[in-house]
Amino acid sequence: MTLKPRLSRLLAEHGMVLVLLLLCAYFSIVTLTPQSATGVEAARQVADVLREFPGGSARVLIAVSDQPGDPEFATEIERLLAGSGVRILDVARGEPRQAREALQRISASGGRLDAIACTPVSGAWLVFTDLKSDFPSIGEPRRIVPREYRWPNFLKSGNLLNIANQIAVIAIVAIGMTFVIITGGIDLSVGSLIALSAVLTARFIRDYAGGTEAGTAGMILAAIASILSCGILGAFTGSMITRFGIPPFIVTLAMMLVGSGLAYILAHGQSIYQLPDSFVWLGRGADFGRMPNAVVLMLVLYALAHVLMTRMTPGRYLYAVGGNREAARLSGVPVRRVLLLAYVASALLAGLGGVIMASQLKSGSATYGNMYELYVIAAVVVGGTSLSGGEGRMLGTLTGAFTIAVIQNGMNLTNVESYTQKVVLGAVILGAVLLDRIRLRTRDSQ
Amino acid sequence: MRGIMKSFPGVRALRGVDLTLNRGEVLALLGENGAGKSTLMRVLGGAHAADAGTLHVDGCSTVFRTPEDSRRAGVAVIYQEFNLVPGLSAMENIFLGRETSRVGFVSGSEESRATRALFGRLGANFDPRTPCRTLTTAQQQLVEIAKALAFEARILVMDEPTAALTAHEVERLFGIIRELRRQGLGIIYISHRLDEIDLIADRITVLRDGRNVGEAPAGGISRTALIGLMVGRELKDEFPPRSSVPGNTRLEVHGLGRGQVVRDISFSVRRGEILAMTGLIGAGRTETARLIFGADPRDCGEIRLDGNILDIRSPRDAIRSGIGLLTEDRKLQGLVLRHSVLENFGLPNLERFSHRGFLKLGIEREDFADYARRLGIRIPGPEERAGNLSGGNQQKVVLAKWLARNCEVLIFDEPTRGIDVGAKYEIYRLMNELAAAGKALIMISSELPEVLGMADRILVLRQGRVAGEIADARQATQEEILHLAVE
Chain A
1 MTLKPRLSRL LAEHGMVLVL LLLCAYFSIV TLTPQSATGV EAARQVADVL
51 REFPGGSARV LIAVSDQPGD PEFATEIERL LAGSGVRILD VARGEPRQAR
101 EALQRISASG GRLDAIACTP VSGAWLVFTD LKSDFPSIGE PRRIVPREYR
151 WPNFLKSGNL LNIANQIAVI AIVAIGMTFV IITGGIDLSV GSLIALSAVL
201 TARFIRDYAG GTEAGTAGMI LAAIASILSC GILGAFTGSM ITRFGIPPFI
251 VTLAMMLVGS GLAYILAHGQ SIYQLPDSFV WLGRGADFGR MPNAVVLMLV
301 LYALAHVLMT RMTPGRYLYA VGGNREAARL SGVPVRRVLL LAYVASALLA
351 GLGGVIMASQ LKSGSATYGN MYELYVIAAV VVGGTSLSGG EGRMLGTLTG
401 AFTIAVIQNG MNLTNVESYT QKVVLGAVIL GAVLLDRIRL RTRDSQ
Chain B
1 MRGIMKSFPG VRALRGVDLT LNRGEVLALL GENGAGKSTL MRVLGGAHAA
51 DAGTLHVDGC STVFRTPEDS RRAGVAVIYQ EFNLVPGLSA MENIFLGRET
101 SRVGFVSGSE ESRATRALFG RLGANFDPRT PCRTLTTAQQ QLVEIAKALA
151 FEARILVMDE PTAALTAHEV ERLFGIIREL RRQGLGIIYI SHRLDEIDLI
201 ADRITVLRDG RNVGEAPAGG ISRTALIGLM VGRELKDEFP PRSSVPGNTR
251 LEVHGLGRGQ VVRDISFSVR RGEILAMTGL IGAGRTETAR LIFGADPRDC
301 GEIRLDGNIL DIRSPRDAIR SGIGLLTEDR KLQGLVLRHS VLENFGLPNL
351 ERFSHRGFLK LGIEREDFAD YARRLGIRIP GPEERAGNLS GGNQQKVVLA
401 KWLARNCEVL IFDEPTRGID VGAKYEIYRL MNELAAAGKA LIMISSELPE
451 VLGMADRILV LRQGRVAGEI ADARQATQEE ILHLAVE
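Protein sequence lines, in the order shown, are assigned to chains A and B. According to my numbering, the stretch in the first sequence is residues 1 to 446, in order. According to my numbering, the stretch in the second sequence is residues 1 to 487, in order.
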């Protein structure tokens with residue numbers, strides 16, 4: 001095999017991953033901005049410079065604003081320089097006024113000042129620009145700031161984790177949607193089920209588990225009960241499709257209305273917020289390093305779903321049913337059971353998505369998940385799953401979900417208006433499907 | 001046509017084909033699958049543009065780039081899969097795209113007059129306002145021919161026109177073809193059925209590997225010589241010798257029925273026996289097989305295997321009891337064309353290829369390699385998509401999946417339809433081997449030479465009932481079978 005076909009095959013198989021990487025590269029370049037370390041790391045850099053001052057006994061003023069990381073910056077410098085010979089004359093925290101007062105105190109005591117340790121913010125304060133004329137007695141102190149370097153805002157770990165956390169709900173629901181679309185169906189009801197599940201969870205906790213005083217067991221039971229309720233609706237959807245042969249589009253369209261209506265009825269059109277603080281554990285907590293719990297759950301579910309689709313009997317059956325339902329039936333595949341399970345799985349995962357969303361927002365409302373079905377379908381389709389069924393990959397869907405999230409996040413960082421974002425997102429979905437068409441055409445003509 | 005060439009990525013389908021068709025002549029185009037017949041036909045129909053070569057119609061040089069070009073030059077191609085809109089009437093289909101409209105309104109009276117005239121020419125006696133969905137295959141074919149005549153085609157290309165027709169319908173079609181020939185049309189007739197060629201064709205052109213390999217006036221060449229030209233070697237016999245001797249009864253079917261289609265069918269198949277089930281289209285052969293296999297629910301009847309009553313409600317039940325069905329339509333029912341050969345092979349066997357739901361992919365692959373060797377499946381690899389395989393290899397893959405399931409009763413529904421001569425022989429050989437290994441085989445077939453050549457016993461169906469049984473197929477004749485099937 002020569003290089004060219006191998007390259008084109010690589011592109012065909014992993015084209016969407018490449019697109020995702022290109023998007024990341026693009027947003028990295030356009031969000032490239034001057035950065036500097038903060039907090040402890042910044043303190044270490046500044047302290048190192050101060051220690052190297054000629055004479056080894058520099059007289060220093062520390063000036064910091066009250067931004068996050070700044071107090072740590074100040075205390076860490078003090079700690080690092082304690083007993084090093086460097087004398088810290090004063091620490092000014094907060095605003096330029098505090099710095100001016102500190103300078104006045106140093107000037108009044110007749111002391112000389114060698115250096116001012118500051119952050120990029122405090123280093124730009126006007127009070128330090130004309131020290132020679134304002135405070136002639138203190139000499140000519142140098143301003144020491146943390147080293148400046150250029151790094152994309154997009155690629156900051158905080159931002160990346162934010163992207164993952166933002167897309168977790170859509171990505172988890174997209175697992176179920178992938179099952180359904182691979183069987184050649186569609187599930188429009190997931191957005192409504194997210195809302196229904198969020199409302200149910202919040203109500204169960206408020207009404208039966210003690211509201212804001214609810215314990216862990218109560219919350220878990222409430223979540224499980226809501227997810228199972230969604231599963232029952234999914235079983236209903238699935239049996240309508242398998243027993244009566246109603247097209248999935250119609251059944252799930254109806255269920256979309258039913259689910260949304262039920263959510264509004266149960267919530268009385270209001271947001272339910274009587275939930276304990278600990279309820280946000282799933283949506284906002286991070287027990288595994290800095291990785292949010294919802295993201296960990298998402299990754300675990302994708303790993304399981306990937307194994308299911310590639311290594312297990314039910315996965316094979318899903319593909320076969322979508323690829324050729326009659327051939328699958330005549331090969332002994334329990335077609336109805338497989339279809340039913342796909343819709344139940346989709347509903348259960350939508351229910352889980354609702355619980356996560358309620359946890360992220362610490363409330364339950366019937367407005368949650370509005371239009372999510374479209375984003376979820378977009379994630380699946382962008383991920384290369386064919387709407388005609390029989391083809392698609394679980395990891396493709398994850399790629400698709402992240403592509404959508406990266407585009408949204410990147411456009412937020414570059415201050416693109418939300419209306420423009422919609423246009424771009426629509427174009428990207430179309431582009432992705434076009435890419436897939438071309439892939440199929442080149443493959444089929446071989 | 002002179003020196004027509006056409007290549008697809010990786011395949012040189014036509015390597016310089018010459019073809020001459022005279023006015024008022026039926027030219028039979030013969031060749032194995034993959035010989036280039038279909039490609040040549042698509043070039044004629046404008047579906048593919050030729051890479052090289054020249055084309056003259058009535059002496060004028062032309063180029064076909066689109067179907068519209070070829071239609072304008074007076075060439076009509078009737079593909080095996082008809083190009084009819086099922087929801088529209090016969091008349092609407094005939095005039096589709098060329099409606100005789102006045103200010104946007106379709107002029108129904110004009111069209112119906114023209115349609116009646118066309119139907120008169122073809123001897124069609126059904127209402128042209130019937131939706132095509134409800135027409136029989138033969139009637140749909142007439143609509144296709146009428147469509148061709150409606151734009152005054154002078155050259156008619158027909159691909160396997162008799163594949164889905166009953167003997168009686170074939171006779172009528174031949175009548176129509178002869179009439180069109182008399183009217184001066186040139187007809188290119190593509191078929192696998194050698195018997196028909198002698199009946200209908202004036203001249204025969206044989207293609208092999210995208211080249212002309214022979215031309216002869218019909219009747220001027222023996223059947224053996226024709227087959228030899230097609231396969232490129234002398235095929236001594238069309239059917240391999242049988243050696244197995246039927247043993248005790250294995251499958252018994254008693255009083256099987258479903259609606260008007262299958263009415264009170266009873267028969268049995270013995271160990272090591274090939275039972276041929278034949279009859280006209282619509283006699284209920286495929287339907288009977290589907291009832292045994294649980295693909296359709298049965299109203300009544302009892303199925304026993306080795307004396308035990310089977311409770312079959314779905315194909316899954318049938319497969320678990322050891323019954324396999326090789327469907328007539330491999331593309332729609334036998335295989336998932338977009339999936340790999342390996343996945344297709346594994347589908348009925350996942351219970352064996354898995355443990356607690358987890359697939360044992362290595363075992364599946366080894367097993368397939370084993371069957372591929374035994375059945376002579378020739379493919380680049382098990383990851384090859386089933387849709388890319390030739391008909392013969394597809395049939396072998398379907399067979400492999402049932403053999404891996406260790407089926408004791410195998411029902412072959414038209415096992416060699418759309419399969420070229422060489423692969424046919426291999427399928428027959430495999431069927432004989434299976435019979436010799438003690439399996440019970442049912443072969444549904446419309447091709448009487450195949451029935452006579454392969455079966456131990458013949459069951460003739462007519463209108464959903466058993467019309468008769470011929471206990472010793474070796475003594476039977478085609479006439480005897482047809483007599484039972486038609487009467």
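Hints are computed from structural coordinates only; laboratory data are not their basis. Some hints here could point you the wrong way.
Said to hold, decoys possible - Below, in silico cross-link-like pairs of lysine to any residue (SDA-like), each with a Cα-Cα straight-line distance of 20 Å or less: (1) A/K422 with A/M371; (2) A/K362 with A/R284; (3) B/K360 with A/A303; (4) B/K331 with A/M312; (5) B/K360 with A/R311; (6) B/K360 with A/P314; (7) B/K360 with A/M371; (8) B/K331 with B/A163; (9) B/K331 with A/R329; (10) B/K360 with A/M312; (11) B/K360 with A/T310; (12) A/K156 with A/G289; (13) B/K360 with A/G315; (14) A/K362 with A/D207.
Hint check results:
1. A/K422 with A/M371: 13 Å, holds
2. A/K362 with A/R284: Satisfied, since the Cα-Cα distance of roughly 9 Å is no more than 20 Å.
3. B/K360 with A/A303: 19 Å, holds
4. B/K331 with A/M312: 25 Å, violated
5. B/K360 with A/R311: Holds, at about 8 Å.
6. B/K360 with A/P314: 13 Å, holds
7. B/K360 with A/M371: 41 Å, violated
8. B/K331 with B/A163: 16 Å, holds
9. B/K331 with A/R329: 14 Å, holds
10. B/K360 with A/M312: 9 Å, holds
11. B/K360 with A/T310: 11 Å, holds
12. A/K156 with A/G289: 16 Å, holds
13. B/K360 with A/G315: Given pair B/K360, A/G315 holds - Cα atoms ~13 Å apart, limit 20 Å.
14. A/K362 with A/D207: 16 Å, holds
In summary, the structure is inconsistent with hints 4 and 7 from the numbered list given earlier, while agreeing with the others.
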